[in-house]
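Kindly generate the complete structure, drawing on both the sequences and the hints.
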Amino acid sequence: MKWETVIGLEVHTQLATKSKIFSGSSTAFGAAPNTQASAVDIALPGVLPVLNRGAVECAIKFALAIGANLNRVNVFDRKNYFYPDLPKGYQISQLAKPIVEGGALKIQVGDSERTINLTRAHMEEDAGKSLHEDFHGMTGIDLNRAGTPLLEIVSEPEMRSSAEAVAYARALHTLVTWIGICDGNMQEGSFRVDANVSVRPVGQAEFGTRREIKNLNSFRFLQQAIDYEVRWQIETLEDGGRIEQATVLFDPDTGETRMMRSKEDAHDYRYFPDPDLLPVRLDEDWIEAVRATLPELPAAMQARFQRDYGVSAYDAAVLTGSRALADYFEAAAKACGQGKLAANWVMGELSAALNKAELDIAQSPVSAARLGTLIARIQDGTLSGKLARQVFEGLWEGAGEVDAIIEARGLKQMSDSGELEKIVDEVLAANPKSVEEFRSGKEKAFNALVGQVMKASRGKANPAQVNELLKAKLQ
Amino acid sequence: MSETSLSTLAAQLAGKQISSRELAQQYLDRIAALNPAINAFITVDAEKTLLEAAAADALIAAGQAGPLTGVPIAHKDIFCTDGWLTTCGSKMLSNFVAPYDAHVIQRFKAAGMPSLGKTNMDEFAMGSSNETSYFGTVKNPWNPAYVPGGSSGGAAACVAARMAPAATGTDTGGSIRQPAALCGITGLKPTYGLVSRYGMIAFASSLDQAGPMAPSAEDCALLLNAMTGFDPKDSTSLDREKEDYTRDLDKPLAGLRVGLPKEFFAEGLNSEVAAAVEAAVNELKKLGATPVEISLANSQLAIPVYYVLAPAEASSNLSRFDGVRYGYRAPEYASLDDMYCKTRAQGFGAEVKRRILIGAYVLSHGYYDAYYLQAQKIRRLIADDFGAAFKACDVILGPTAPGTAFKLGEKSDDPVEMYLNDLYTIPANLAGLPGMSLPCGFDAQGLPIGLQLVGNYFSEAKMLNVAHQYQRVTDWHTRAPEGLK
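Just so you know, the protein sequences line up as chains A and B, in that order.
Residue 1 is where the first sequence starts when you use my numbering, and the numbers rise one by one after that.
Residue 1001 is where the second sequence starts when you use my numbering, and the numbers rise one by one after that.
No wet-lab data here; the hints were simulated from the structure.
In this text, all values refer to a predicted model and were calculated from it rather than measured experimentally.
None of the hints are false.
List of simulated lysine to any residue pairs, SDA-like, C-alpha gap at most 20 angstroms: (1) LYS79(A) / LEU1373(B); (2) LYS1411(B) / GLY1136(B); (3) LYS129(A) / MET1339(B).
Only some residues are given here: those of chain B computed to face chain A with a beta carbon under 7 angstroms: (4) ALA1102; (5) MET1200; (6) SER1205; (7) SER1206; (8) ASP1234; (9) ASP1322; (10) ARG1325; (11) TYR1340.
Just a sample of chain A residues kept apart from chain B, beta carbon distances all over 12 angstroms, derived: (12) GLU10; (13) SER26; (14) ARG170; (15) ASN185; (16) GLY208; (17) ARG210; (18) THR236; (19) ALA362; (20) GLN363; (21) GLU397; (22) GLU401; (23) ALA404; (24) GLY418; (25) LYS433; (26) GLU437; (27) GLY459.
Where is the CB? At the ideal position from N, CA and C, for every residue including glycine.
The structure is reproduced here in structure tokens:
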């Protein structure tokens, strides 16, 4: 039997507000345990939540960026359950009337583009952390994270492979960091993915029973977890078994998913509207004010890059992989006036060097302005491609400005035609055999002569000029 | 001293006839003498009280006194009070010293009013007789065999016994007005949102409202001036211009239309209470008011609606009492779930547990629509009834409670009978309207009878006007229990 995979993702993005969603405490990561937990965060008797408008603005930005509906009146609900790192015994979330509904995101898998529709996105508060190590049979509770604002973004079950799921998660990651509502740091838990996975026979209309893989904090784990889960579900069904609805965890060490709780253990969260908070009302002025703060979005920038810089659709998609990368490319392209060449350098030499050094574009030792100057020196004939790579190495090592490196390392392409002519004459005189072969029709011999001239010039000769001169001399 | 109004006390303090320390000491002495029998206070801390009084004296000496500076006040033990044990009447918080002040406490501190201590109350404000307190029953100062009402029973009893010139209370379904009625004092529940709930331990968030309790309407107006005001820490606090609630006290009542809801004078009302309320209507008529019969047809559904909504909110509000971070924790347990179960089984009393169970039930999957949502719809209808009624009248008048104080233990085994005591007070909470109770007579046994006024939103000044004019021509509110010496 042929099987089809069905995947929907729920992504918890931590919103990049300075303070928590319902208190004034800082949201900064990494502080000593419980130093960023106020009376409200630890749920002392009598305290009350007050909504941080910054969190709402993040949600508005997101809705505008994906073309979603913004519910002009949306409501916070209480999700009731007991857990030691949930101080109030309930989480403030949005169930019936979330702030964002609908919207869509374009993804690119290989050569094909797909649109994934979103169901909803809602604001909620994060819980604290339970620390099980170092406490000898006890559990430590750190409430620094309690009350950190989250936007939970739920997709429709429209992805059909782990590759599509990863592409969607990456596109979403790019977008939320791009519009500045999330720092995207997956190690610190700023972007956490839950994957709902099911399989069904190809052609079957109704969905199979899904299992939810919780808390995947890297794209690699997302892919591995889905691939394992899909294989497991298909094997189970083909062996005559049934899939029970369940929540599972992915173990990166074994590469397997394992059951966390079955549907029978599911909580009844007893949701109801939080009487401590008024419904959130979004007026048009507020929405428009937020819209005015939105940067140019990736899709718009891709179109513009193709139009203004003549880069391909594929290159435009790669170059808008992050706002920092796109900004870098555009600055370099503007500095040299050579869009395609700049794209090649950014995606080629620079990306390779960054990958090797495990650096982010923002940490690049070579600034966009210097890369632009380098490209300009290729364009004006000062540097050959090969020399340019040597200059790039100098830039990477921090040896200063482009022209200074060219000067100091003697990397200038030979521009004096008299000097080049002298070398060409010497080479022709020293290689009578090659000259003879060329004249008798062997094209290869010409390349050997070019190689000899380049060698004699120690790579500084302009290859085009060498070609021209040799041809003239040999006729 | 025992018949002195807040304005008189403030004048004496301003005129240096008495210092705040001396005044506070007099009340502390009376508390020391009477509290063992009445049990109105859970915590008294003379040292703290006298320090606050000394600070008030310094303000008076520096010419920085406000209208109530130096006058002491007792606070219901539901308000978090920095450095004070704050128990909410529960074993669960029997060891909880609050690390911050509730907004109401801050307000009274800012007004320069020293705290006389924390008053007894039904556990988590759940009760109408003060019998659910972990710290023992409060006795009615008019007859110690009777309950003082609840949940602000300690507050009402300490004012009635003149152990404090004034007290704070909170009212979720009648918890200011019913004990005020049963103890023969005046108490006011403001419009929902007028007084910040920050630092007031939540029972039912959409209904809870703090208010003043004192002998007279004039006292309540002064106290309301001190405690109202916008608080950015409470999202349901209303951002309105500050009012002077004493401004209309002396207005004549000519032309006033007093609405008498026929449903409040029907079956179930004690005949002595009915007679006293009717006599009060006659007094108001003499002052120029016109009675108008009105109908609040849906108010008969108020008790069932309330006992869905209030427990629903309470079941969630009380989840934070889990033994993890503060308060009581069971001494022995086998696992996390066992710790939760034992802590909450041991830390909460029977009435609190009953309401948590009801609340969890009405919110649970499959029952939410039938109970919670249905109750919210009826709540709307009850509010609409009031809206229609206020087209025909300026203020609504009726009994506060169906009877006078009942005997200790008389209703504690029958929750539904107990719940019926709040029949007339709950509708105002459901609608978010202001209401007040004031003394209007005594029954044959010498127990006080309370008269309730319910006003339209933000009409506290008008209610206080009506109450003050009534109190100018009657002396019920000046009577104090005899034999408490």
